[in-house]
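With the hints as constraints, model all of the structure from the sequences given.
Note that the numbering used here numbers the sequence shown so that position 58 is 58, with each residue one more than the last.
Honestly, the hints are just simulated from the structure, not real lab data. Since the structure is predicted, the reported quantities are computational estimates derived from the model, not experimental observations. Here a beta-carbon is modelled for each residue, glycine too, at the ideal position from N, C-alpha and C. Hints may be right or wrong, so weigh each one.
[What the hints assert, rightly or not] With a cut-off of at most 35 Å between alpha-carbon atoms, the simulated DSBU-like pairs for lysine-lysine come out as follows: (1) K86 <-> K10; (2) K81 <-> K93; (3) K10 <-> K93.
[Said to hold, decoys possible] Pairwise CB distance ranges, derived in the manner of DEER restraints: (4) Y110 <-> M1: 13 to 23 Å; (5) Q2 <-> A74: 32 to 42 Å; (6) L124 <-> L101: 50 to 60 Å; (7) L73 <-> V4: 51 to 61 Å; (8) M1 <-> V50: 15 to 25 Å; (9) A26 <-> Y70: 24 to 34 Å.
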Amino acid sequence: MQQVRTAAVKYGAITVTNLQNQLAYAWDAATRSAMVMLFLFIFVQLYTVVYETQGVTEIGGLTLANTIWYFLLAEMVELGKFRHDKAIGDEVKDGSIAYTLVRPYNYLVYHFANGLGDTLVKMLLVFLLGAPIALLYAGL
1 MQQVRTAAVK YGAITVTNLQ NQLAYAWDAA TRSAMVMLFL FIFVQLYTVV
51 YETQGVTEIG GLTLANTIWY FLLAEMVELG KFRHDKAIGD EVKDGSIAYT
101 LVRPYNYLVY HFANGLGDTL VKMLLVFLLG APIALLYAGL
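Below you can see the structure in the form of structure tokens.
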């Protein structure tokens, strides 16, 4: 049990460190996430036209409001994900993988914990930027 606690503290520190790095450059992350506002606006217009031309309130069991919120949640997942394959590939290309492998932690768990901090910030920003548009067009 002590080993699990030690590992959780160690990888939690990695997540917090990456989270702090992301928050230090919050404006940079926010501008990258701002594209969701444009995506959401375009798809709201598209879905509105689709529902109106079909003359129905539900398509596939989803109302227009459900579809808009579903799209926002899907964008949170898609735009918030961390590209582990790219990070590992970059380490292999520049040779820094040797530095990372000699550290006292599991390489894959390290990348998971590192990516978790990045993912949390991106997903939160996508939600905070997209929610006002979803609220405006779909309500709660």
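Verification of the supplied hints:
Using a Cα cut-off of 35 Å, the hinted pair K86 and K10 holds, with the two alpha carbons roughly 23 Å apart. A threshold of 35 Å between alpha carbons decides the hint, and for K81 with K93 the separation of about 22 Å falls inside it, so the pair holds. Using a Cα cut-off of 35 Å, the hinted pair K10 and K93 holds, with the two alpha carbons roughly 27 Å apart. Between Y110 and M1, the C-beta spacing of about 22 Å keeps the proposed range 13 to 23 Å intact.
The hinted window of 32 to 42 Å between Q2 and A74 holds, with their beta carbons roughly 40 Å apart. Distance hint check: the CB atoms of L124 and L101 are about 31 Å apart, inconsistent with the given range 50 to 60 Å. In this structure the hint that L73 and V4 lie 51 to 61 Å apart at CB is violated, the actual value being about 31 Å. Distance hint for M1 and V50: a CB-CB separation of about 54 Å, inconsistent with the stated range 15 to 25 Å.
The hinted range of 24 to 34 Å is satisfied by A26 and Y70, whose Cβ atoms lie roughly 27 Å apart.
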